[in-house]
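Protein sequence lines, in the order shown, are assigned to chains D and Z.
Counting with my numbering, you get residues 1 to 275 for the letters of the first sequence.
Counting with my numbering, you get residues 1001 to 1511 for the letters of the second sequence.
No wet-lab data here; the hints were simulated from the structure.
Here the structure is a predicted model, which means the values were calculated and not measured.
Ideal Cβ placement from N, Cα and C applies to all residues, glycine included.
Careful, some of the hints might be misleading.
Unchecked claim - Once the Cα atoms are required to be at most 20 angstroms apart in a straight line, the calculated DMTMM-like pairs of lysine to aspartate or glutamate come out as:
| no. | chain 1 | residue 1 | chain 2 | residue 2 |
| --- | --- | --- | --- | --- |
| 1 | D | LYS210 | D | GLU253 |
| 2 | D | LYS184 | Z | GLU1490 |
| 3 | D | LYS73 | D | ASP114 |
| 4 | D | LYS184 | Z | GLU1492 |
| 5 | D | LYS86 | D | ASP63 |
| 6 | D | LYS153 | D | GLU253 |
| 7 | Z | LYS1439 | Z | ASP1002 |
| 8 | Z | LYS1487 | Z | ASP1177 |
| 9 | D | LYS49 | D | GLU13 |
| 10 | D | LYS148 | Z | GLU1490 |
| 11 | D | LYS17 | D | GLU74 |
| 12 | Z | LYS1487 | D | ASP146 |
| 13 | D | LYS73 | D | GLU48 |
| 14 | D | LYS184 | Z | ASP1177 |
| 15 | D | LYS159 | D | GLU200 |
| 16 | D | LYS148 | Z | ASP1177 |
Said to hold, decoys possible - A short list of chain D residues far from chain Z (calculated; beta carbon distances all over 12 angstroms):
| no. | residue |
| --- | --- |
| 17 | GLU48 |
| 18 | LYS49 |
| 19 | ALA52 |
| 20 | ARG62 |
| 21 | PHE72 |
| 22 | GLY75 |
| 23 | GLY89 |
| 24 | TRP97 |
| 25 | SER175 |
| 26 | THR182 |
| 27 | GLN195 |
| 28 | THR219 |
To be verified - Take a look, some chain Z residues computed to stay more than 12 angstroms from chain D by CB distance:
| no. | residue |
| --- | --- |
| 29 | ASN1007 |
| 30 | GLY1022 |
| 31 | SER1032 |
| 32 | GLN1082 |
| 33 | SER1158 |
| 34 | TYR1276 |
| 35 | ASP1383 |
| 36 | PRO1396 |
| 37 | ASN1430 |
| 38 | PRO1436 |
| 39 | CYS1482 |
| 40 | ALA1488 |
So the chains spell out like this:
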Amino acid sequence: MLDTALIPLSLKEHRNKVLSLGRLLKNFGTTRIVLLHVFEGSNRKKKEKIRAQLEEIAYQYRDIGFEVEMFFKEGSVATTAVDFAKEMGVDYIGLSWQRKWLIKRTLLGNIDADIIRMTDLPVFMYKKDYYLFKHWDLNKVLYATDFKGTDSKVMPYLKNKEFQADRLYLLHVGSRAPDPATDKNRREEVDNKLQRLAAECAGAYNSVEKLNVVGTVRTQIVRKAKSHGVDLIVVGKQDKAKGLDQLLGSTAEALPHKAHCSIFIISGVQNRRSE
Amino acid sequence: MDWIYKNLVFIASLLIVFFFVGLGIYDPDLLSEVSSYIHKRIIDNFGWGYLLAAFFFLVFNIWFAMSKYGDIKLGKEYEKPQYSYFAWFSMMFAAGMGIGMIFWGVAEPMSHYLNPPEYIPDSSGEAAKFAMRYSFFHWGLQPWGIYITMSMAIAYFSFRRGMPPLISSCFYPLLGDRIYSSIGYIIDILAVFATIFGIATSLGLGAMQITSGVGFVFGFESSFQVIFILICVVTVLFMISSMTGLDKGIQILSKTNILLAMILLGFLLLVGPTTYILNIFTSTVADYFSSLFDMSLSTHPFRGYKWTQSWTLFYWAWWIAWSPFVGLFVASISRGRTIREFILGALLVPTSLTFLWFSVFGGAAFHIQLNTDASIARIASEDVSIVLFQLFSHYPMGTALTIVTVLLLGIFFITSADSATYVLSMMTSNGRLSPPAVKKLVWGFTISSTATILLYSGGLEALQKMAIAAALPFTVIMLFMCKSLLKALEYEYTQELYSSEPEGDEFTSNH
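Chain Z with its partners taken away, still in its complex shape (with noise of 0.2 angstroms):
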């Protein structure tokens, strides 16, 4: 009884998992219909909530930075930061934007050029500019904005006071005792119901597009026997690297992953045209800065509603699902920062990446669309997932781009699946910085199982639909969160009065 009692998270999590997944082999069509329903509800009335909370976590973290809280340490005041600014950069990135990047750094931009809103015509000089500008917008300051606020508040919480890393951590100040009944369990169940269907959906629509694509380049064509292939070889690698812990598995692949996407970014900008995609990172970031007030919080309700609805919301959507998994993975690297280090270095650094990267592979794209009879702008809309290779065969050492590509993708694949299987097995075993070994056993093993079955059932984007309604319940426990943090520091930086170090220290990492 009491081990159940311990393991109530982890125990109700799993059967919300089984359940799902069983709906959608049972019945993928109906999981489907209920999905969808939830979705484009959610999605057609709350998705200006959706833009009103992304750009008030933004503004919420700058002020942080700027505010008299920044130098408040995410740790104890002797503690310094467990990863050097390389390793934490890299693992930031692959864990917050990664895989999907390397798809949409070519296919996003592309997509808004020929099907941009209804008020700008398409293939024009000005889909142009509005497709690089909503690119940048998309996987810029407000994901990270989003990452951060919960991450923060996580660190916050667990390093400098001394609770479990968990999400119903960073409501005591609001809660008080109740963080440990009912409400903090539904809190955290919520999370691990996002993380999981999120990182399935990922993991399963990725090995799709693993496989079409390199199935496109080297000939062969993509099946269920060959992406189940993929997802057992991942699922191998990803374990043996989970089993490595923190400092030694999860960093090295991700510092790799980004020596071999600076390597592919560099080689891009250098062949170029190089003051072409200059051109286009300085013009676009002086229109992406001149206009965030207005992508903000426009959701363009007279003309481009649809358009909105269908790339802004769902990314802000997804985003904010997707911010519990991020946020404990940010949380935990991030130890030994000040809350000002922490929100400039995660605010700025991957979104300037972000911006470059959109630039050279965008901008390459655009040459190439604009100078050749090749409709690189036509093959993103029809498939996302060969665009890039395609855009790599009118570059000199093509195939050798290709390669380093597809182990990029691999890398990152694995990545995210490794630390999300970390913080799944964290958030599982009450907080613990080295959860069990069996728990990241079960959980690798059903984000797998969880992919290949409702890949092979078809009720794989159902289940992303799901993990996307998640984000209505979490911008609102965020919104609770942030007053939460605010309280807490209010309380830290004005009680001297009862100033006393938090007791007890038994959540320090053992990596």
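Excised from the complex, chain D in its bound form (with noise of 0.2 angstroms):
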């Protein structure tokens, strides 16, 4: 189901952080990873520099046990990425989030941003600082669901074995009801769904935890992770934005950048209006 990974890489990255992201990856279950470099108008010199490079990590790639293959293209960053995944048909883009300030984002953008709005693909979003990391172990897992078309999406690889950590979080944010009683029959209604869920999900975690609250979406996922202390927040990313979120950007675009763990964005999933 994971089982290769596309890794687009600037080479810009901390290679610690490059590695740490690989010995991550074995927790889904990855065992062929697809590294890729695309080139923005360099000179010959500087590509032999860059495939040098590439060498390097594919090798301690191998090293950890993955089947490694290097690609080096050239173009715009995100487009070519997202075709090149597609034209090779991984599983899945493995990315190491580039923090960028706000300022600098809006200037000239972010291409992580960027491959996360435009491909099908599932993405992972690797954000933990390598420096900090001890342990290459999944612990606790947060999955935001809003019981449209995305749990049967996303369920498929919470339940997957081969995806490993120790307690899942099922959270849901909704909307409150106009009126006490309506909220009252939402709350039951919502936590029904979500037992189904984690009755669903219980054979592939020691514990599955619920969670029923009320607040903005990309807020409360946010806080709920870090309350709980997360390593991984798994969301689905809707195809179409509808009204601000045009402007803004989905709830899966704007996690990264707010939240402090890494993300999983599983893509692909129609509005249920627009089925």
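If you follow the hints, you should be able to join the two separate chains into one complex; please do so.
Right, here's the structure in full:
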């Protein structure tokens, strides 16, 4: 299911961070890695240097136990990475998140965010600070569900036994109903739905905990992930943003900027109303 | 202890009223100083906010009426409107505008004509055009936009969602169960505060205007004793009306009002000069709509700022401060109507009537001002309360017109006080649509005695400024109310997943 990963590298990433990303991908049952570097008008001498750097990373990944392939392409990084992932038939894209400050992000854009927006494949966004990261196991995973189309796409990944984690938090962030009686019904309904999801996932984790909260989706996901010491947030991405999301970006696109931990975005999920 | 807890808003509101009335008796100058300071600070610093907010409410309502939410009913799906269109419009109009429009129908265009902002030459053709346009503006779409925002939210949460008809109920989607804690109480107490001070000053100042106007016509001097007798008579009458409930008292009085107003309006229109009045109506409507955007958002910071502060911003603050009362009252008579019907009805019908009223009375006054030696404008700027009667003296059957007007003023007076008593009792009885009679008595007596005492001590205008000061927090409250309502409707529209009829229907009217 998560057998092959494409990792686009700019080679500006810290080497240890790239390695810790690889180690973490082992938790997903990944065996094959495709490394990609996209040149943006580099000269021949620079290209050779880049090739050498990428070969070094490939060598270290093989040491971890991956089967590794390397590719070099030219063009726009995000578009090339997305097209190449499709062409290679990889299962997902792994990214080492490069933090950019708001002004830089606004002026120059963010390639990682562009990839998330453009691709239909699942994206793993590695955000842990490698120098603080002492163990390579996933301990706590949080799945934020809206009970819409995302569950059918995400649950197969969460139930997959190769996706090794100790504890799963199932989070639903909803809007409060207009009156207390309806809100009570809503909460009960959400609890029931979370319970059903928990029962489905029960076999793959030591414990599954349900979180039913009210508020702004992106804020609550980040807050709950932080307060429960989560290592990985799993979210589904809707294909068609609606309303303000068209301007501000979807929750999945916004989360990498805000979350303290890594994020796994399962994309290619149709908006329920557009289905 | 349980009684105190259940009547917290009632007790706290009464204590606040006693405190301010006490201050008004003990040291009216201090009350005046404090209220003037607060009022001036607010108008100076947040006037632009009132303009923006009032325009936002208008746009919000128009958008709402046109949106997919327009078909949602302010009540259960099977419910039909409780009142006929005529009764609904009559009551709405009596509560929303009523007495003020009788006085200002002539006085406001004349005042603007004589004292326009400094960039317009006074008593000129341009000043006349400006006077009519701004009279329409101050009494037109924006005030009703403010009222509708408040009443639509209350009606939705009360009649469709089964919550008590309180302003705090409108915040459930944002605050959840915290509406039953201090923040909810503060919102409701603030609403009571604005309503009681607004109605007490309206009663006191209105009584002064009526006695001075009637005294001028019938040749007697207005004095405190005369005003006191008038307030006593009005109090007895509105208490009787209040005890009979919405279905009888207010409804009958409001319908009588509208009929009398139509008679006056029709008479003046027919006696004319009809063509002149209709010309003014048509051209001012065109002028109003073509400059609505400009008037709505311009504070005239370079020239005419003082004029905007003393007229437009004062009005906007007053309508907002008045909105909890009108909002609750209009909500309580709008059960069973769809959001679209409610918005379009409440926005277009009273506004059209207001435009016609100002065109007829303002137009008649302009005709006399510009074609005779009489200076209606000068009288308006000197004494607002007599200008209407002065106008009647130029018409045939002037005495009959004066008597009808006095009757109209009296009934408007009673309906305003009656509906305010009802709303205050409802707000302080946890939103019961049939509040206990004892609370109606308490609030009726409190309104009248506050008006009388402060009229005597001279603290009434200070109290009016305190009521207007409440407009600032209410502007913020209303903006959040819009967000809350939108959130609730969005939920209702999109979350078929949890669709269920709200439990409990304990707030069904027993009238």
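* Run the C-beta distances from D/TRP97 to all of chain Z and say if the shortest one exceeds 12 angstroms. => Non-interface label stands for D/TRP97: nearest chain Z Cβ at 32 angstroms, farther than 12 angstroms.
* Please confirm whether Z/GLN1082 is truly not at the interface, meaning its C-beta sits more than 12 angstroms away from all C-beta atoms of chain D. => 21 angstroms, holds
* To do: Over 12 angstroms to the closest beta carbon of chain D is the bar; see if Z/PRO1396 clears it.
  => Holds, because the least Cβ-Cβ distance between Z/PRO1396 and chain D comes to about 57 angstroms, which exceeds 12 angstroms.
* Asked: Would Z/ASN1007 pass as off the interface with chain D, using Cβ distances and a cut of 12 angstroms?
  -> 21 angstroms, holds
* **Assertion that Z/SER1158 lies outside the chain D interface [Cβ separation over 12 angstroms]** => About 10 angstroms separates Z/SER1158 from the closest Cβ of chain D, which leaves it inside 12 angstroms; violated.
* To do: Hey, is D/ARG62 genuinely clear of chain Z, shortest beta carbon separation above 12 angstroms?
  => Holds, since 49 angstroms exceeds 12 angstroms.
* To do: Would you check whether the claim that D/THR219 is not at the interface survives, using Cβ distances to chain Z and the 12 angstroms cut-off?
  => The assertion about D/THR219 holds, with a minimum of 15 angstroms to chain Z.
* Asked: Holds or violated: D/LYS49 with D/GLU13, Cα cutoff 20 angstroms?
  -> 15 angstroms, holds
* **Check on D/GLN195 being off the interface with chain Z, judged by Cβ distance over 12 angstroms** => 16 angstroms, holds
* Please work out if D/LYS159 and D/GLU200 have their alpha carbons no farther apart than 20 angstroms. => 7 angstroms, holds
* Quick one, are D/LYS210 and D/GLU253 close enough, alpha carbons at most 20 angstroms? -> Given pair D/LYS210, D/GLU253 is violated - Cα atoms ~24 angstroms apart, limit 20 angstroms.
* To do: Starting from Z/LYS1439, check that the Cα of Z/ASP1002 is at most 20 angstroms away, please.
  => 18 angstroms, holds
In the structure shown, a violation is registered for the earlier hints numbered 1, 5, 11, 16, 25, 26, 33, 40, in ascending order.
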